[in-house]
Amino acid sequence: MAGNPPGVTAVQLVGEHERLEVTEAQLIEAARAGDQRAMGDLYAAHAGRVFSVVRRVVGDEHLAEDVSQDAWIRAFEKLHLFRGEAAFGTWMHRLAVNAAVNRLRSLGRRSKLESSPDLKLPVQEPDESGLNQRILSKALDMLPDGYRTVLVLHDVEGLTHEEIGQKLDIAAGTSKSQLHKARARMRALLDPQSRTNEAGNHA
Amino acid sequence: MREHLTREQIAALLDEPGAISDGLAHLDECEECALEFEGMSRMRMALSGLPDLAPPEGEWDAIRKRLPHRVVASRPRSVWATPLAAAAVILLFLGGLAVGRMIAPASQDGQNPGLDVASSQVQPPADGDAVPAGANDARFDDYLQTVGRLRELRDEGPVGPTLVENPALAAERLTRLDALIDATREGLRMAPADPALNDFLFDVVDERESLAGQLDQTLRQASMEY
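So the protein lines, in turn, are chains A and B.
The opening position of the first sequence corresponds to residue 1133 in this note's numbering, with each subsequent residue numbered one higher.
The opening position of the second sequence corresponds to residue 241 in this note's numbering, with each subsequent residue numbered one higher.
One or more hints might be untrue.
Selected chain B positions facing chain A (Cβ under 8 Å, derived; list incomplete) [to be verified]: (1) 279; (2) 284; (3) 288; (4) 290; (5) 302; (6) 304; (7) 308; (8) 311; (9) 395; (10) 460; (11) 464.
Note that these hints are calculated values from the structure, not bench results.
Here the structure is a predicted model, which means the values were calculated and not measured.
Glycine included, each C-beta is placed from N, C-alpha and C at the ideal position.
Isolated chain A, as found in the complex (with noise of 0.2 Å):
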């Protein structure tokens, strides 16, 4: 055989190329008209830190599954009002917070404080921080709602109180009463041996 066909040996993904020039604002335009690709390329880039925020909010890995994916439904059918004011990302979080804390208050879940059930945690083995990822995922879910809500957003996701406030209703105060007792919750259930005196006295 004389060489070989054109094209054989340098297979291109000229398409990936191409839709890596395209801009996030180009990627909207086109998700407004109704293009499935351009939605899809919207979600690829922002699906792993919109399911993580639900995620950890709900404490479900089967609630976050049905909220998440409400969330982006959501923020299609919205997507003519978004202006761009603000990233898309950063939207799109906002939207995905509301849908995880709208559907903790619909299920009549946020408001429980109630305390939790005697639950223990596996012995953890610390990773380089300090603390094992998947333990401390693990005791956020044991949270009860109203604890985990605010933990997540301060603590994980950056929110300040005011703005945890305005989401979940309550004063800023509460929101930070509430976060220190779910820092608390979540000592105790990490490190249940470090507090035997809890409150105790100084010998």
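Put chain B on the given structure of chain A with help from the hints.
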């Protein structure tokens, strides 16, 4: 005698060192509370550094199936109203022309049969000119016609799953796909978000990658046998 700080108090000290009266001074004196403060600091740091989770497998497919019809346009006219899209018409037209020249064999009299469908006159509005009523619809129809011609060009010539068994035919197909990719890329340079062009490009690139991969494998096997 001094009471230990509670975990809630220590949690408050993380964000506001002055939240508890003499709280920091207590931490200096009490090893147990200082250790708890340290543990809580590590926990907060670990929480802030939690990596994103992978979305569930198949989530996009599930979302796509649930998208309401009104969200997924079958004929995205809204894109077409933009100047970019108008430019895409011109470019597609030129692209179709180029594809025709590259792919269709010249006939005896030098005419190129690949140009037949794509030869409609599509002109951009002059700068500052008002676009007459219906002009966008006419351009849109031209656009659809040109996209249709691109698809026709894609479907012409040797196709089918057994193509790879004949390297010459497979090479001819690859050449055709390369030309179509070039023409579509030209169009996308002017209108990167054009849905039809993106769809078309992906289809053609997918086919090209698949065929090139199969052909490469066939050639490798053949070279090993001989």
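Hint validation: residue 288 of chain B versus chain A, beta carbon distance must be below 8 Å. Holds or violated? At about 6 Å, which falls below the 8 Å cut-off, the nearest Cβ of chain A leaves the hint on residue 288 of chain B intact, so it holds.
Residue hint residue 302 of chain B, partner chain A, criterion CB-CB below 8 Å: 6 Å, holds
Interface hint for residue 464 of chain B, Cβ within 8 Å of any Cβ on chain A: 14 Å, violated
So, residue 395 of chain B near chain A? Judge it on the closest CB pair being under 8 Å. Violated. Min distance 19 Å.
Can you verify the interface hint for residue 279 of chain B: is its Cβ closer than 8 Å to any Cβ in chain A? 6 Å, holds
Cut-off 8 Å, beta-carbon criterion: hint that residue 311 of chain B touches chain A: Holds - the Cβ of residue 311 of chain B comes within 8 Å of chain A, reaching about 5 Å at its closest.
Residue 460 of chain B was flagged as interface toward chain A. Is the shortest Cβ-Cβ separation under 8 Å? Residue 460 of chain B check fails; min Cβ-Cβ to chain A is 10 Å, beyond 8 Å.
Would the stated hint for residue 290 of chain B survive a check requiring a Cβ distance to chain A of less than 8 Å? Holds. Min distance 6 Å.
Given hint residue 284 of chain B near chain A, where the shortest CB pair must fall under 8 Å: 5 Å, holds
Hint check: 8 Å Cβ-Cβ cutoff, residue 304 of chain B to chain A: 6 Å, holds
Is the hint on residue 308 of chain B kept, meaning its closest Cβ partner in chain A is under 8 Å away? 7 Å, holds
Violation of the numbered hints given earlier is confined to hints 9, 10 and 11; the remaining hints are satisfied by the structure.
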